[in-house]
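Peer 1: In order, the protein sequences belong to chains A and B.
All residue numbers for the first sequence refer to my numbering, where the first residue is 16 and numbers rise by one.
All residue numbers for the second sequence refer to my numbering, where the first residue is 16 and numbers rise by one.
In short, the hints are calculated from the structure, not lab data.
One should not assume that every hint holds.
Since the list gives no way to pick one copy over another, a pair counts as held whenever it fits inside one copy or between any two copies.
List of simulated lysine-lysine pairs, DSSO-like, C-alpha gap at most 27 Å [unchecked claim]:
| id | residue 1 | residue 2 |
| --- | --- | --- |
| 1 | 18 | 74 |
| 2 | 206 | 61 |
| 3 | 206 | 167 |
| 4 | 18 | 61 |
| 5 | 18 | 167 |
| 6 | 61 | 74 |
| 7 | 206 | 135 |
| 8 | 18 | 206 |
| 9 | 135 | 167 |
Residues per chain, in single letters:
There are 2 protein chains.
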Amino acid sequence: MTKTIDFYYDFISPASYLAWTQLPGLCKRTGATVNYKPMLLGGVFKVIGNTAPVTIPAKWAWFQRDFERYARHYGVPYMLNPHFIFSTVNAMRGAFWALSEGQIETYNRAMFTAAWAEGKDLSSAEVLSEVLSTAGFDAAMVMEAMAQPQNKAALIEASEAAAARGVFGAPTFFVGDELFFGQDRLEWVEKALG
Amino acid sequence: MTKTIDFYYDFISPASYLAWTQLPGLCKRTGATVNYKPMLLGGVFKVIGNTAPVTIPAKWAWFQRDFERYARHYGVPYMLNPHFIFSTVNAMRGAFWALSEGQIETYNRAMFTAAWAEGKDLSSAEVLSEVLSTAGFDAAMVMEAMAQPQNKAALIEASEAAAARGVFGAPTFFVGDELFFGQDRLEWVEKALG
């Protein structure tokens with residue numbers, strides 16, 4: 016039986032980016048595959064009454080340093096996005112198109128890299144279009160897909176389903192029924208797979 | 016020069032307990048000493064507008080599992096206190112008496128163990144008295160100290176000073192000016208000391 020990790024994420028989340036950079040290595044070591052679960056973090060927060068760390072200045076100051084420290088530790092590019100908090104609603108809707116087309120890995124790479132290695136504003140249609148083109152997508156076609164009712168509905172449903180399953184932040188991982196929260200819990204995820 | 020760790024804690028915090036169990040080993044390995052910084056976590060939350068994880072049921076469910084997992088990993092006794100959230104205002108006031116008397120390590124051990132290894136209700140005067148006596152303190156004298164204005168004031172001032180220094184939760188550590196949040200960041204604390 017193939018071992019799988021359900022990976023709940025939103026491109027708005029720097030911790031999701033950091034986790035995403037570590038998944039290939041983890042999968043290689045464990046033989047697991049990733050089941051990508053895009054969601055709108057703001058939608059999850061709304062359902063369960065959680066708030067983003069950024070709303071508490073001292074907490075956000077700490078998270079910024081913590082993310083930088085982990086990025087150095089992992090040896091991955093990272094910058095605090097100057098447009099944070101940008102809207103990812105279109106970028107996340109597009110993830111459902113990418114899932115349906117078997118293009119989710121290329122799509123995630125394009126979006127996560129643009130947001131957290133290059134500091135691009137994913138809320139801008141112009142930027143999204145450029146990011147998609149650079150990644151080899153037909154930008155106009157993907158952006159049309161972002162506006163389609165089924166992809167809008169898919170994002171709402173996925174976020175509600177995530178909250179119903181116990182997700183309260185990003186990134187969240189499931190190995191079977193066991194929930195793990197935070198990019199800093201990947202060691203536990205790996206142990207659960209082993 | 017002696018290396019020191021400022022350790023901000025409240026007996027209400029299971030993560031503070033877990034961190035506290037790891038400090039002797041960390042100090043042994045690094046040659047550092049601990050500067051104990053008792054505070055009232057609820058007071059800090061009030062100053063900075065933070066909320067306890069327990070207010071979000073899904074988050075609290077995760078934290079409970081996470082604490083149990085770390086306790087097993089550390090090999091230390093741990094139980095979710097059935098009286099949680101109990102008031103620690105008197106227990107924390109007493110910590111200032113213990114500091115002034117050079118008794119803080121014995122006092123911390125008594126309170127942390129009672130709260131998170133034995134599940135005792137630290138908000139109860141009867142329980143506090145018993146915990147103090149068992150630890151070899153003159154319970155009546157310590158409980159009188161808890162009610163003294165200077166210890167009440169010390170707790171308020173310490174909590175405000177913690178918030179002013181950037182503390183937003185517990186446990187928090189400082190190595191020099193560098194803040195580290197969470198019992199799960201002790202590896203970073205150790206690196207900062209090395």
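Peer 1: Next, verify each hint and record whether it holds.
Peer 2: Checked hints:
1. For the homomeric pair residue 18 and residue 74, the shortest alpha-carbon distance between copies (25 Å) is at most 27 Å, but the shortest distance inside one copy (35 Å) is not.
2. Proximity of residue 206 and residue 61 under a CA criterion of 27 Å is satisfied in neither setting, with 32 Å inside one chain copy and 38 Å between copies.
3. When the C-alpha separation of residue 206 and residue 167 is checked against a cutoff of 27 Å, the pair qualifies neither within a copy, at 36 Å, nor between copies, at 46 Å.
4. In this assembly of identical chains, residue 18 and residue 61 lie within 27 Å of each other by CA distance neither inside one copy nor across copies; the values are 31 Å within and 44 Å between.
5. Taking the closest pair of Cα atoms, residue 18 and residue 167 never come within 27 Å of each other, the shortest separation being 30 Å inside a single copy and 55 Å across copies.
6. Taking identical chains as interchangeable, the C-alpha atoms of residue 61 and residue 74 lie at most 27 Å apart whether they share a chain (20 Å) or sit on different chains (14 Å).
7. In the homo-oligomer, the alpha carbons of residue 206 and residue 135 never lie at most 27 Å apart, since the shortest distance is 35 Å inside one protomer and 33 Å across protomers.
8. For the homomeric pair residue 18 and residue 206, the shortest alpha-carbon distance inside one copy (12 Å) is at most 27 Å, but the shortest distance between copies (34 Å) is not.
9. For a Cα distance limit of 27 Å, the shortest separation of residue 135 from residue 167 inside one copy, 23 Å, qualifies, whereas the shortest one across copies, 50 Å, does not.
Taken one by one, the earlier hints fail for this structure at numbers 2, 3, 4, 5, 7, listed in ascending order.
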